[in-house]
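There are 2 protein chains.
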Amino acid sequence: MMRHIVLLQWTETATDQQKREAETAFHNLPARIPEILDFFGGSDRGLTGGAHDFAAVFTFADVEGWRAYQDHEAHKALVADHLKPILAGRAVIQFDD
Amino acid sequence: MMRHIVLLQWTETATDQQKREAETAFHNLPARIPEILDFFGGSDRGLTGGAHDFAAVFTFADVEGWRAYQDHEAHKALVADHLKPILAGRAVIQFDD
Chain A
1 MMRHIVLLQW TETATDQQKR EAETAFHNLP ARIPEILDFF GGSDRGLTGG
51 AHDFAAVFTF ADVEGWRAYQ DHEAHKALVA DHLKPILAGR AVIQFDD
Chain B
1 MMRHIVLLQW TETATDQQKR EAETAFHNLP ARIPEILDFF GGSDRGLTGG
51 AHDFAAVFTF ADVEGWRAYQ DHEAHKALVA DHLKPILAGR AVIQFDD
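Going down the list, the protein sequences come from chains A and B. Counting with UniProt numbering, you get residues 1 to 97 for the letters of the first sequence. Counting with UniProt numbering, you get residues 1 to 97 for the letters of the second sequence.
So here's chain A without its partners, still in its complex pose (with noise of 0.2 Å):
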C-alpha cells in the first residue's frame, strides 16, 4: 500500500463556507476516483499552536494507484475549484506501509 498525506493551511480571508466545501469535496473524491482504497481526513481541533487547519489521508494500493488520482479531473477540479482559492500553505508526503 501506498499512503499520501497532505495537511493544508487556510488564507486569513478563507471564509467558513469556502472551508467547508473544500473539505466535502475532500470526502467526494473515493466515490468519483476508484484507485482511493481508503480516505481520512478532518478539521483541526486547535489544541496545537501552529497547527495546519485540514488534513487529508489517502490510501492506494501502489504508486499508478496514487499517480492515477493526481492526473484524475476530479483531483484536478478539487485543486482549481477549491483549494487554490483559500490555500495559504500545504505540508505533503508519500511513503509505503
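FYI, nobody ran anything at the bench for these hints, they're computed from the structure. All values reported here derive from a predicted model rather than from experimental measurement. Among the hints, a few may not be true.
Stated by the list, open to error - Partial list, derived from the structure: chain B residues whose beta carbon lies under 10 Å from chain A:
#, residue
1, GLN9
2, PRO30
3, ILE33
4, ASP44
5, PHE54
6, TRP66
Even glycine gets a Cβ: it sits at the ideal position worked out from N, Cα and C.
Assemble chain B onto chain A, guided by the hints.
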C-alpha cells in the same frame, strides 16, 4: 476517535542512522503508550518536490488519550533524544474522525 498527524523534515546533516533510529522510536511508541489505539508512519518516497521526510499518524480514543501521549515519558524521550537533534521542520494537526 481523534487523529494526531505529524509530518517531519530532517536537517541536511541528519545521518541515515539518526533518521532510522528516530523512525524506529516512533514505531516502538504504541508498545509503551497504551492510549495509542493505532499508529502508522513512514519515510517519504521522493515522488513530490518539497515533501516532508517522515509521517507519523496516531489514533486515540479522545483528547485525553492524546494528552496522556503528549505527557508520557516515552514521547518526551523520543522528542529529546531522537527528534530535536535532527529536526528541520514540523507540520502537525489533530482532528476528530
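Structure-based check of each hint:
1. GLN9: Status holds, d = 9 Å.
2. PRO30: violated, 15 Å
3. ILE33: Hint on ILE33(B): violated, closest Cβ of chain A at ~17 Å, above 10 Å.
4. ASP44: holds, 5 Å
5. PHE54: holds, 8 Å
6. TRP66: holds, 7 Å
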